Amino acid sequence: MPKFIVTYVKVIDYLSTKCGRLAMYLIFVMIAVLLLDAVTRNIINIPLSWCIELAQFTMAAYYIVGGPYSMQLDSHVRMDLIYSRFSPRNRARLDCFTAIFLVVYLVCLLIGAISSTKYAIEYDQRKFSMWNPSMIPIKLIMVFGITLMLLQSISTFFKDLAKARGIQLS
Amino acid sequence: MSYEAIAIFMFLSMLLMMLTGQRVFAAIGIVSTVAALLLWGEGGVEMPFNAAFKLFNWYPLLTLPLFIYMGYILSESGIADDLYAMFHVWFGGLKGGLAVGTILLMVVISAMNGLSVAGMAIGATIALPEMLKRGYDKIMITGVVQAGSSLGILVPPSVVLVLYGMIARQPVSQLWLAGAIPGLMMATLFIIYIVVRCHFQPHLGPTVAKEDRDMPMREKLKLLRAGITPFLIFFCMTGLFIMGITSLVESSAVGATAATLAALVRGRLNRKVMEETIRKTLGISCMFMWVILAALAFGSVFDGIGAARAIESLFITNWDLTPWEVLIMMQLSYLVMGMFLDDTAMLVIVAPLYVPLVKLLGFDPIWYGVLYTITCQIAYMTPPFGYNLFLMRAMAPPEITLMDIYRSIIPFVMVMTLALVLVMVFPQIAMWLPEYVRSR
Chain A
1 MPKFIVTYVK
11 VIDYLSTKCG
21 RLAMYLIFVM
31 IAVLLLDAVT
41 RNIINIPLSW
51 CIELAQFTMA
61 AYYIVGGPYS
71 MQLDSHVRMD
81 LIYSRFSPRN
91 RARLDCFTAI
101 FLVVYLVCLL
111 IGAISSTKYA
121 IEYDQRKFSM
131 WNPSMIPIKL
141 IMVFGITLML
151 LQSISTFFKD
161 LAKARGIQLS
Chain B
1 MSYEAIAIFM
11 FLSMLLMMLT
21 GQRVFAAIGI
31 VSTVAALLLW
41 GEGGVEMPFN
51 AAFKLFNWYP
61 LLTLPLFIYM
71 GYILSESGIA
81 DDLYAMFHVW
91 FGGLKGGLAV
101 GTILLMVVIS
111 AMNGLSVAGM
121 AIGATIALPE
131 MLKRGYDKIM
141 ITGVVQAGSS
151 LGILVPPSVV
161 LVLYGMIARQ
171 PVSQLWLAGA
181 IPGLMMATLF
191 IIYIVVRCHF
201 QPHLGPTVAK
211 EDRDMPMREK
221 LKLLRAGITP
231 FLIFFCMTGL
241 FIMGITSLVE
251 SSAVGATAAT
261 LAALVRGRLN
271 RKVMEETIRK
281 TLGISCMFMW
291 VILAALAFGS
301 VFDGIGAARA
311 IESLFITNWD
321 LTPWEVLIMM
331 QLSYLVMGMF
341 LDDTAMLVIV
351 APLYVPLVKL
361 LGFDPIWYGV
371 LYTITCQIAY
381 MTPPFGYNLF
391 LMRAMAPPEI
401 TLMDIYRSII
411 PFVMVMTLAL
421 VLVMVFPQIA
431 MWLPEYVRSR
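Those sequence lines, one after another, are chains A and B. All residue numbers for the first sequence refer to our numbering, where the first residue is 1 and numbers rise by one. All residue numbers for the second sequence refer to our numbering, where the first residue is 1 and numbers rise by one.
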């Protein structure tokens with residue numbers, strides 16, 4: 001494998017792991033925010049309007065930024081009726097071909113995300129609610145997460161390609 | 001090409017894409033992307049991302065990661081060990097008693113968690129090895145764990161019913177209440193099946209040796225204390241929600257906190273357990289969320305071509321079916337599709353097609369939600385594709401082969417189908433409790 005590919009895989013894997021492990025802790029943010037909401041409303045009687053929305057934003061960031069890391073962990077379910085009967089090397093060969101599905105889908109997702117973010121920046125889009133937060137930050141986070149997911153898919157493709165040729169990459 | 005043909009073509013290409021063994025979300029995503037581009041050209045390019053905003057607005061799905069987190073904490077917390085010890089002593093004397101105890105254990109776990117992951121993890125790591133050691137038939141007990149853990153999505157709380165509630169626009173509290181009695185009924189049917197079968201074939205579930213379970217009554221009663229923590233967790237979560245004190249998503253946060261506290265009190269929480277838990281939570285949550293994201297894009301393409309209308313005209317105008325025949329057709333088609341396609345994706349794609357039809361025919365959408373969930377439970381277990389199968393394969397002890405897992409579910413799927421038919425014929429089984437609470 002050419003050196004730049006090896007470097008690419010290393011850099012992207014490192015980035016995905018770091019970001020994913022950061023996103024991993026957002027579960028506590030979700031719990032804390034929702035708990036805060038329940039407590040303030042019921043016990044000290046101050047309803048906070050922004051809690052649910054903040055939790056919504058957090059969840060979007062959680063699964064989108066966590067996506068690349070979950071791919072590294074191989075958490076994504078596959079229909080393995082036929083797939084599981086192949087040897088690891090043949091699986092990698094097959095994955096090299098089908099990676100195109102993943103990449104095309106993610107590219108499309110990214111195009112949509114970028115155009116939606118452009119719109120949000122141009123018109124200073126806000127969420128229509130009492131809190132009325134700007135939509136720009138969450139959209140930027142989503143663009144970042146989807147980009148990373150795309151880069152991670154390409155990295156996974158390279159790793160599969162290497163495995164199909166009998167080399168172990170990272 | 002007619003719209004019906006496009007819809008069928010999309011389903012078939014999704015199946016084909018999945019057969020390649022690529023990650024499920026990518027298989028669904030690519031079919032919806034390509035279909036959107038072919039149907040609407042450049043305007044379709046934003047469709048996959050718009051699904052992210054639909055998902056964003058489905059904020060009750062916040063319960064999903066929280067329940068997954070809670071499930072892992074519960075299985076680590078040791079609550080299940082105590083419960084198992086309790087059922088072991090109290091039911092060990094019965095033929096097949098440990099299997100009966102396992103079903104009851106699953107009911108308790110299901111009442112604390114809204115997914116089947118928790119029950120599966122506990123069943124495969126605690127109950128299965130114990131029963132294997134005591135000479136239980138491995139095929140039967142594999143089925144017991146799979147069927148028992150599937151109760152997680154029917155007994156309240158239930159994430160599947162939350163998802164259904166969002167699609168059908170029905171109140172989740174009513175749906176949860178509607179699932180309670182059918183869930184308990186199904187558990188009873190499982191128990192009857194186990195007891196009857198072990199009565200005729202005692203070698204499948206031998207009784208536990210007397211010295212193993214013999215202890216003074218006082219000790220026996222002491223074991224019942226294992227039930228206190230689960231009850232408290234159930235009350236803090238589902239109880240407060242049904243009483244209207246906490247909202248749905250808040251109650252799942254309360255439940256997650258309660259489970260964490262329970263684990264903390266027992267001194268089971270250390271860095272390693274916590275790290276494992278939140279990493280697995282991220283993995284499973286991302287799997288579900290990305291599948292739902294792709295399925296929502298698929299669903300909006302279906303919306304665009306008017307697939308709901310097409311199914312309606314096919315069932316009612318072309319085939320001239322009576323309402324009940326339509327209902328049976330819907331359940332059968334869902335079962336068959338659930339076998340081969342991803343179960344969560346099916347829920348997201350197919351429910352929007354069926355729910356308007358259910359309303360049009362004058363059936364109660366809450367009752368249909370229960371039917372849908374039972375069908376979903378069956379779909380989770382039927383090969384070649386099912387989450388419970390998938391999880392079981394990952395967690396089961398090595399002596400249980402894939403073939404064992406496949407064979408183990410047959411009798412339980414039959415029992416579940418019986419439960420489905422019972423709820424269809426006697427809607428009161430599901431509807432009595434929610435109607436009672438509503439009328440109060």
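Note that these hints are calculated values from the structure, not bench results. Source: prediction; values computed, not measured. Idealized CB from N, CA, C, for every residue including glycine. Don't take every hint at face value.
[Claimed, not checked] Label-pair distances were calculated between CB atoms; the ranges are:
{"hint": "1", "chain 1": "A", "residue 1": "Arg21", "chain 2": "B", "residue 2": "Lys359", "range": "40 to 48 Å"}
{"hint": "2", "chain 1": "A", "residue 1": "Arg21", "chain 2": "B", "residue 2": "Glu219", "range": "30 to 38 Å"}
{"hint": "3", "chain 1": "A", "residue 1": "Phe86", "chain 2": "B", "residue 2": "Lys359", "range": "41 to 49 Å"}
Hint check:
1. Remark: the range hint 40 to 48 Å for Arg21 (chain A) to Lys359 (chain B) is upheld by a beta-carbon distance near 45 Å.
2. Under the hint 30 to 38 Å, the C-beta atoms of Arg21 (chain A) and Glu219 (chain B), about 46 Å apart, miss the expected range.
3. A hinted range of 41 to 49 Å holds for the C-beta pair Phe86 (chain A) and Lys359 (chain B), which are about 45 Å apart.
Checked against the numbered hints given earlier, this structure breaks only hint 2.
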